[in-house]
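A.B. asks: Residue numbers (the numbering used here), protein chains in the order written: chain A, 1 to 461; chain B, 1001 to 1461; chain C, 2001 to 2098; chain D, 3001 to 3098.
Derived from the structure by calculation, the hints contain no laboratory data. A portion of the hints provided could be inaccurate.
Subject to a maximum C-alpha distance of 25 Å in a straight line, what follows is the list of computed PhoX-like cross-link-like pairs (lysine-lysine) [to be verified]:
#1 B:K1334 <-> D:K3091
#2 C:K2091 <-> A:K328
#3 C:K2091 <-> A:K334
#4 C:K2091 <-> A:K445
Here is how the chains run, residue by residue.
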Amino acid sequence: MTGTVTETLYLIAAGLFILALRWMSRPDTARRAVAAAVTGMLLAVGGTLISPEIVTYKWIALAAVAGIALGVPLARVPLTAVPERTGLSQAFGGMAAGLVGVAKYYLWLADGQLTHFRMAVVAGEVILGCLTATGGLLASAKLAEWMTTRPITYRGQNIVSFVLLVVAAGLGVWLTIDPTQSWAFPIVVGLALVFGVLLILPIGGADMPTVISFLNSYAGLSAVAMGFVLESKLLIAAGALDGSSGFVLSIIMCKAMNRSVTNVLFGAFGSVQAVAKRAEERTVKSATAVDAAELLSNADSVVIIPGYGMAVAQAQHRVRDLYDQLAKRGVDVKFAVHPVAGRMPGHMNVLLAEADIPYDRLVEMDDINPEMPHVGVALIIGANDVVNPAARTDEKSPIYGMPIIDADKAQTVIAIKRSMNPGFAGIENDLYYADNTLMLFGDAKAVIGDVVKQLSGEGAA
Amino acid sequence: MTGTVTETLYLIAAGLFILALRWMSRPDTARRAVAAAVTGMLLAVGGTLISPEIVTYKWIALAAVAGIALGVPLARVPLTAVPERTGLSQAFGGMAAGLVGVAKYYLWLADGQLTHFRMAVVAGEVILGCLTATGGLLASAKLAEWMTTRPITYRGQNIVSFVLLVVAAGLGVWLTIDPTQSWAFPIVVGLALVFGVLLILPIGGADMPTVISFLNSYAGLSAVAMGFVLESKLLIAAGALDGSSGFVLSIIMCKAMNRSVTNVLFGAFGSVQAVAKRAEERTVKSATAVDAAELLSNADSVVIIPGYGMAVAQAQHRVRDLYDQLAKRGVDVKFAVHPVAGRMPGHMNVLLAEADIPYDRLVEMDDINPEMPHVGVALIIGANDVVNPAARTDEKSPIYGMPIIDADKAQTVIAIKRSMNPGFAGIENDLYYADNTLMLFGDAKAVIGDVVKQLSGEGAA
Amino acid sequence: MKLDLLTALFVFMLATFLGMDIIRRVSRLLHTPLMSLTNAISSIAVVGALMLAGEAPDRLTTWLGALAVFASTTNLVSGYLITDRMLRMFKRREAPKS
Amino acid sequence: MKLDLLTALFVFMLATFLGMDIIRRVSRLLHTPLMSLTNAISSIAVVGALMLAGEAPDRLTTWLGALAVFASTTNLVSGYLITDRMLRMFKRREAPKS
Ligand SMILES: NC(=O)c1ccc[n+]([C@@H]2O[C@H](COP(=O)([O-])OP(=O)(O)OC[C@H]3O[C@@H](n4cnc5c(N)ncnc54)[C@H](OP(=O)(O)O)[C@@H]3O)[C@@H](O)[C@H]2O)c1
Ligand SMILES: NC(=O)c1ccc[n+]([C@@H]2O[C@H](COP(=O)([O-])OP(=O)(O)OC[C@H]3O[C@@H](n4cnc5c(N)ncnc54)[C@H](OP(=O)(O)O)[C@@H]3O)[C@@H](O)[C@H]2O)c1
Chain A
1 MTGTVTETLY
11 LIAAGLFILA
21 LRWMSRPDTA
31 RRAVAAAVTG
41 MLLAVGGTLI
51 SPEIVTYKWI
61 ALAAVAGIAL
71 GVPLARVPLT
81 AVPERTGLSQ
91 AFGGMAAGLV
101 GVAKYYLWLA
111 DGQLTHFRMA
121 VVAGEVILGC
131 LTATGGLLAS
141 AKLAEWMTTR
151 PITYRGQNIV
161 SFVLLVVAAG
171 LGVWLTIDPT
181 QSWAFPIVVG
191 LALVFGVLLI
201 LPIGGADMPT
211 VISFLNSYAG
221 LSAVAMGFVL
231 ESKLLIAAGA
241 LDGSSGFVLS
251 IIMCKAMNRS
261 VTNVLFGAFG
271 SVQAVAKRAE
281 ERTVKSATAV
291 DAAELLSNAD
301 SVVIIPGYGM
311 AVAQAQHRVR
321 DLYDQLAKRG
331 VDVKFAVHPV
341 AGRMPGHMNV
351 LLAEADIPYD
361 RLVEMDDINP
371 EMPHVGVALI
381 IGANDVVNPA
391 ARTDEKSPIY
401 GMPIIDADKA
411 QTVIAIKRSM
421 NPGFAGIEND
431 LYYADNTLML
441 FGDAKAVIGD
451 VVKQLSGEGA
461 A
Chain B
1001 MTGTVTETLY
1011 LIAAGLFILA
1021 LRWMSRPDTA
1031 RRAVAAAVTG
1041 MLLAVGGTLI
1051 SPEIVTYKWI
1061 ALAAVAGIAL
1071 GVPLARVPLT
1081 AVPERTGLSQ
1091 AFGGMAAGLV
1101 GVAKYYLWLA
1111 DGQLTHFRMA
1121 VVAGEVILGC
1131 LTATGGLLAS
1141 AKLAEWMTTR
1151 PITYRGQNIV
1161 SFVLLVVAAG
1171 LGVWLTIDPT
1181 QSWAFPIVVG
1191 LALVFGVLLI
1201 LPIGGADMPT
1211 VISFLNSYAG
1221 LSAVAMGFVL
1231 ESKLLIAAGA
1241 LDGSSGFVLS
1251 IIMCKAMNRS
1261 VTNVLFGAFG
1271 SVQAVAKRAE
1281 ERTVKSATAV
1291 DAAELLSNAD
1301 SVVIIPGYGM
1311 AVAQAQHRVR
1321 DLYDQLAKRG
1331 VDVKFAVHPV
1341 AGRMPGHMNV
1351 LLAEADIPYD
1361 RLVEMDDINP
1371 EMPHVGVALI
1381 IGANDVVNPA
1391 ARTDEKSPIY
1401 GMPIIDADKA
1411 QTVIAIKRSM
1421 NPGFAGIEND
1431 LYYADNTLML
1441 FGDAKAVIGD
1451 VVKQLSGEGA
1461 A
Chain C
2001 MKLDLLTALF
2011 VFMLATFLGM
2021 DIIRRVSRLL
2031 HTPLMSLTNA
2041 ISSIAVVGAL
2051 MLAGEAPDRL
2061 TTWLGALAVF
2071 ASTTNLVSGY
2081 LITDRMLRMF
2091 KRREAPKS
Chain D
3001 MKLDLLTALF
3011 VFMLATFLGM
3021 DIIRRVSRLL
3031 HTPLMSLTNA
3041 ISSIAVVGAL
3051 MLAGEAPDRL
3061 TTWLGALAVF
3071 ASTTNLVSGY
3081 LITDRMLRMF
3091 KRREAPKS
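Starting from the given sequences, assemble the full structure and let the hints guide the process.
C.D. replies: Right under this line is the structure:
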């Protein structure tokens, strides 16, 4: 299909992709990783463009310009929108695979070159590509809150989805046996598109991060399937790297939540009715921004625990101001980032990095927990489940066994949230009723703004 | 060359080899690793034997029986002989590659099928295979002390070796350009064999461990070259796994000695004339087995630091007896294993494991060093360079910068060796003249036996 | 350069193991940019799309190919740019202080 | 199933990266058995030797092939046996004590 020069360029490109992933493992080599990956991509595209089979560049140029025109603004979204961008990008990846599969099918059908093997891999490519396309779009919509983030469930849902997939795969097998039954092909495409939607509908907003990693894996596998169709080692290798990395990330996240993969994908866990009623009956100590400023500035050490609420409120820049104020007063400030806090894996880290908080201030859960008893103030910002001690103590709790950040062991706890409403898991948090806990009610961004004003002296004015 | 069933079996075999290496990373999965690798090997051999090209099994059976007859006893060598067995096995690996290369060359030459490409890969295979064969044999002989372990050097050595390799490679290139020049082929073989010898001659006995890892890498690469010749993905993949692992191991060892790769291979470092003369002038505190038994049994914690001398004396079982006696008295005994102590990477661990010392008692250098100041007695058994504080303090010392085990920081040091002679690096060790150091002269096995007798009460009789 | 199924599977297997081993080592700090980078790498699908749009054997293929080029180029451009943008934010320490 | 050079190089590259990543994670405790295991794995060269000795196109090839089978079988058998023997010695704790 392609000449030796092209194949050589592809080989180098694959090597560069591997190096890129290796360099991505540490922040100090990560920038180099992007450079390597971009170089690999340029070599691969260049190698393709010089191959003699390409007779016209008109459509390519047009499509590429359009792609760049959309890609550049997509790269400029605020960082809180990174999750939905990722979903969108997976949808586009799946779409490309699906389109190529469809085109190849009709091309081979017309030429009479549709062997059984080719039909099988094309069917695989089209099914994977199409379900990733619609699944990614829907995930993106849920993450962007363009639609309800609640799980949309109905009775027998898993069975319906399953039957649909079986029908699509069955038709694919039939087509493989008899590739001339071309009427079945559009049905396969349609079913795959619908299946992508059904796959995502029952999954709640807070489970989306894990789902996004899974979709990454599907998008990679679509590229692999395309590689089988086009007989391209490069596509297979690059797709497999993407596919396995998405898979490993999902596993890491599931472990950090102490949940099984099937539970995330089919569980529709955390429905709202689980909210406990007795919330109001217990007493809660509420504090003001003035109290908080006082406590924080007098502490030796402060550990800030950001959660989903900080991301939603986009409070990271205010947090940075707070960090500056406290650091100026000689307070030792660290950030304890729980692996599943935020809206996607590692999201809290990116948000804090966006606000220029040096990454050596970010401490992982396992490293901060032994220190917690010596910490003066634990400041929880819009986090809930990741600091719920029930995970350690209450065997009946739905989050029992999930590793948490031991905020309750700090001398004083200050928690910023808007109400006593529970978090994603829908369960009460005893920490907020504890003697050493002060609640600071309000939107994270506004409240921290107030605290910072107190500290900088403006509040007194 | 082979059918689909065979190729499928090869694919599974490659997968099993990869799994085997992954499982090898932790002691609790390591046994499974061997099972996976053996299964992979059986599948690959089975797949080959069923392929239709094989017309006679006579020679195969004969050779296999002979191989088993030699292989089984080779696997029963005492564990102190593992290094020389490894060298021998690399020689055999290289030999197999070389023989196949030679056979293929004459086969293709007779058939007129010797294309330029084939000639190039055959030349590569033969050169790599032959140099590994003789290099491995020589390394084995040095490690087994069948010949002097001193570096054998002469003026202009590196140049001679280099010229030889260039001539061999040059002839290989010429053959590639004109494959009919068959007179040159035996010369290439001969030069490669000689080069293997020259490569190992100048390397001293104590550097052999690193060299053995490098030879592992060469043996792997020979298999890769054979894979290119026979167009076998399995050979390429398995060989590359072996090749890269040998390479990584050598790098790890060089780092642990704070030496560069070129220095190990071409340095002929540590020549004997470097021995310092002033050894006799300083005073040394000598102790008896009775003193040592007393000190050890009264200590709260003892760290045993084994070295090359323990391996040579084969003292591991006595060390085990000592461990039992001390453990019985409630002394906390740990083993601090330096990465380059012993005769090959990880060799100390295997010897101690042979003597049934549980592996969670073996502590790595980086973990034990912070604890050393709280240790009652550091018992050094036949180690020298790996505990020489000059590596930390004396910038002019040849081992300056090499990480060491901080035995000198222990409250008391007991060192077992036969004399005040230096170790591999040929330099004096101030630790043995220190105030808190007691020397216990004699062969490690005998001396520890005496100490154990004291502890078990037999000595008093 | 035809690629037979078993060779393709071989490449797939090796790359999958490799991906798993590499990703497991990535610091948690970088999971988000990692995801956008792998995403961008999988936009290598552009290579297949380019062939279709460039060979232009018939109208349908050309159009589908061009659409696929558009989708992958979007991915490629936005993926690399945003990864780089995120990574630029990771700073060990600020220059002025400490 | 001919294998072209570039595909061969592809496989080589992937396997080399994979080997490096896997080995780097191996505990130091196990470096010696690791070496004998990789050694045994590289005795996969037996596959090539078997073909030569079994195809038996002429006397020289058969002899060289048989010799190569002998060398690799020795490696294979002794490599696996000794690796297993060493690994059997690694015990976390002794059963009777603690
Ligand atoms: N990150 C991931 O990758 C991931 C993936 C799958 C699942 N999850 C799940 O998501 C949860 C994450 O835990 P988490 O502790 O970060 O979040 P959480 O348990 O969902 O709690 C978030 C809290 O933030 C508060 N909040 C919301 N908007 C706010 C605003 N504007 N200002 C101030 N506070 C606000 C909410 O309380 P109010 O309504 O009272 O303000 C809520 O209690 C875990 O249960 C985890 O299993 C995470
Ligand atoms: N392990 C590896 O993989 C490797 C690889 C390359 C280089 N090296 C080098 O080898 C050295 C290893 O350090 P090391 O401290 O283990 O060894 P060392 O510095 O060579 O010292 C070994 C000591 O053991 C003593 N000894 C020899 N036979 C003995 C016996 N039968 N009973 C009691 N003592 C005996 C010797 O002293 P007496 O003669 O006085 O008894 C000698 O001082 C390092 O310099 C390292 O760089 C190691």
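A.B. asks: Take the hints in turn and mark each one as holding or not.
C.D. replies: Status of each hint after checking the structure:
1. B:K1334 <-> D:K3091: 15 Å, holds
2. C:K2091 <-> A:K328: Holds - the C-alpha atoms of A:K328 and C:K2091 are around 19 Å apart, at most 25 Å.
3. C:K2091 <-> A:K334: 15 Å, holds
4. C:K2091 <-> A:K445: Within the cut-off at roughly 23 Å; holds.
The structure is consistent with each of the numbered hints, conforming to all of them.
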